[in-house]
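Listed in order, the protein sequences are those of chains E and Y.
The first sequence maps to residues 1 to 391 in this note's numbering.
The second sequence maps to residues 1 to 299 in this note's numbering.
Just so you know, these hints were derived from the structure itself, not from any lab.
Please read these numbers as outputs of a predicted model, since none were measured by experiment.
One or more of the hints may lead you astray.
Distance ranges between label pairs, derived from CB positions [as the list claims (entries may be wrong)]:
1. Asp64/E <-> Gly150/Y: 53 to 59 angstroms
2. Gln253/E <-> Arg289/Y: 29 to 35 angstroms
3. Asp210/E <-> Ile34/Y: 18 to 24 angstroms
4. Glu195/E <-> Arg289/Y: 29 to 35 angstroms
5. Asn64/Y <-> Leu54/E: 28 to 34 angstroms
6. Leu54/E <-> Tyr243/Y: 23 to 29 angstroms
7. Gln253/E <-> Ile34/Y: 19 to 25 angstroms
8. Tyr168/Y <-> Tyr343/E: 47 to 53 angstroms
9. Asp269/E <-> Ala173/Y: 57 to 63 angstroms
10. Ile34/Y <-> Gly230/E: 47 to 53 angstroms
Glycine is no exception: its CB is placed at the ideal position from the N, C-alpha and C atoms.
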Amino acid sequence: MKSDPKGVLTGSHYMDGDYACCEGALAAGCRFISGYPITPSTEVVERFSQRIPLVGGIFIQMEDELAASIALQGAVWAGKKAMTVTSGPGFSLMMEHIGLAAMTECPCIFVNVQRGGPSTGLPTLPGQADMMQARWGSHGDYEIIALSPDSPQECFDFMIDAFNLSEQYRVPVMFMMDECVGHMTERVVIPKAEEIDIVPRKYTKKKPEDYLPFEPGPDMIPEMVKAGDGYRIHVTGLTHDYKGYPVMQADCQEELVHRLINKIRLNADKIVRYEEKDVEKADVVVISYGITSRVVVEAVALAKEKGIKVGTLRLIVVWPFAENKIRELANQGKALIMAEMNYGQIYYEVERCAAGKVPVLLAGHGGGMVHQPEDIAEKIMEAAKCLSQKN
Amino acid sequence: MSVAEELEQAVQKTNKISTTGEHPMEDFLRMDRIPHIWCPTCGIGVSVNCFAQALERCEIPLDNVVVVSGIGCTGRVAGYVKIDSYHTTHGRAIPFATGMKLANPKLKVVVFSGDGDLVAIGGNHLIHAARRNIDMTVICVNNFNYAMTGGQIAPTTPQGALLTTSPYGNYEAPFNLPFLVESVGAVYVARWTALHIHRQTDAMVDALRKPGFAFIEILAPCPTIYERRNKFGDGLDRLRWYYENSEIQHGADTKNVNIELRNKIIVGKFVDKERPTFLQSMNAHFKERLGDRYQHYEG
């Protein structure tokens, strides 16, 4: 299926990441945003509130993030593609409803334009410290998908991927931007609608009497219906059986929750996405995502000047994690550096997958500004040194 | 009309909705989930029965009706009605319903939940949905306590009432719900008790037909906890108490309808007025500002 041209602003534009995120959502078919203002994400909903009356759809500014993060799920069950947009403090408030979306398999998008935290932190300055919260911030056990763009162009392009993944796996997708990417203005090329592939919602063709709303298909994903279609379904955040009825028993919990986990984990190879450069001949590989990957380019140039063989691995899909790739790099004996704006979140995953085979260093800080390239370059030298000592 | 007569009439009306000759509520309930979890003589089931009759009288196709509930005893209503039904998170039934109504305005959206869910944890959403005049019916079953968790005080608990977290009596001032929702813009506000079966059903019919935010408070016996701890007897005793202590005052000033532990209770239809709904306002406003560029929104 191709994109609806009504929402596609085909052409070459000069816009910031927040605006591009909004345009990506419109191109992906999003026609409902329930939002709540928070810096540095607000421009996404400002843009949407301006555009949507002309495109056909609805924007509502809710009374808080709890409301915003569940109003969109009402809209999804009524047939819309929908998202909400926030930053750290609002993301914390949305956690309960990320769990609801995971449990009820409600396809929807949570955009988090990350700022420095914890708490109110640094409203106008960047951070990348909500990555673990994006994965498991709600209570209970579940899996989500998270993408991280590093430019306004990617804010547009990856939004479409985010919506498509969300529909394909019936899972909430976290769109993990940061203040720099959100407020950075660059060229954004929006293709023609007929060049944009859209994954439609998987509605059932079964008759109401044959349909069970939470019976998984061969791909582990149940088919959906809309409210008002005559199927008279029941949807609950309680542990439920194929009918959607609550069942307070361990075996039902095991079947349901294990499937929620497995539909992502067993498809991880299909979902995981990264970009690598000069990795094959590298002694040291710098791993990063989001805005930090743009600083890594400069750091790598500095290290190369010193004669170090450095490659880069940029995570595009951060969750599920590129475990196999990290294991492969570790088995090849490459030292690894994790560069991120926190004191070690994805770093722990890298360290886990490297399993002590190679040195793993963190180039991290608490946020507020991007890394200094020299600081990452220094880690590269340190890693190269560790590696030579080890060898 | 005596209590016995009211009950008899209700039974007759209920029987009318049976099409199979089996259970009179069979068309309306998920019979594979019966028996329900509500205690004997609890008032919630009465409201569900009245709701079924109200839908029948409004002749709304059941496929178009959506019930959204939060968490708690009344929150379980969504699980028993055989229509599209969504059992959401604690306090958030109204914003979920808001999203659903705005996404598909053709749906008849009903929020069925309890006082703790709608007014304490969900209080912010209640006042904002009323302010926006979202076109929905909110049925708030008020049993004066958090019953599902074993009987703690709620923002509706009358002063002096004994509950598990007010072992020496409640000293907090409760909300006067009709006054609260009227003051923030609800276009229809009524209060009845589980005894007032016809009037409760009539109110639901009114509310379902009313464009905009319609709110019905139903006072319901909680025999296991609230009535027992406060020496009101069982559910039937409490119905007798309602019979003796309810006073119907249609159009009463909602400022004066607050509830005290053992004083008479004012019931009736307090508010019934006109005001543009959220979507009516939105469409009219954008049409005026944007002219033909505006894509008229119908879902």
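Do the hints match the structure? See the list:
1. Asp64/E <-> Gly150/Y: 53 to 59 angstroms: Taking Cβ atoms as reference, Asp64/E and Gly150/Y lie about 28 angstroms apart, which means the hint is violated.
2. Gln253/E <-> Arg289/Y: 29 to 35 angstroms: violated (51 angstroms)
3. Asp210/E <-> Ile34/Y: 18 to 24 angstroms: Taking Cβ atoms as reference, Asp210/E and Ile34/Y lie about 23 angstroms apart, which means the hint holds.
4. Glu195/E <-> Arg289/Y: 29 to 35 angstroms: At roughly 33 angstroms between Cβ atoms, Arg289/Y and Glu195/E fall inside 29 to 35 angstroms, so the hint holds.
5. Asn64/Y <-> Leu54/E: 28 to 34 angstroms: The hint (28 to 34 angstroms, Cβ to Cβ) holds, given that Asn64/Y and Leu54/E are roughly 29 angstroms apart.
6. Leu54/E <-> Tyr243/Y: 23 to 29 angstroms: Once the Cβ atoms are compared, 58 angstroms apart, the range 23 to 29 angstroms for Tyr243/Y and Leu54/E is violated.
7. Gln253/E <-> Ile34/Y: 19 to 25 angstroms: holds (23 angstroms)
8. Tyr168/Y <-> Tyr343/E: 47 to 53 angstroms: With Cβ atoms ~48 angstroms apart, the hint holds.
9. Asp269/E <-> Ala173/Y: 57 to 63 angstroms: 60 angstroms Cβ-Cβ, so the 57 to 63 angstroms window holds.
10. Ile34/Y <-> Gly230/E: 47 to 53 angstroms: This hint is violated: roughly 22 angstroms between Cβ atoms.
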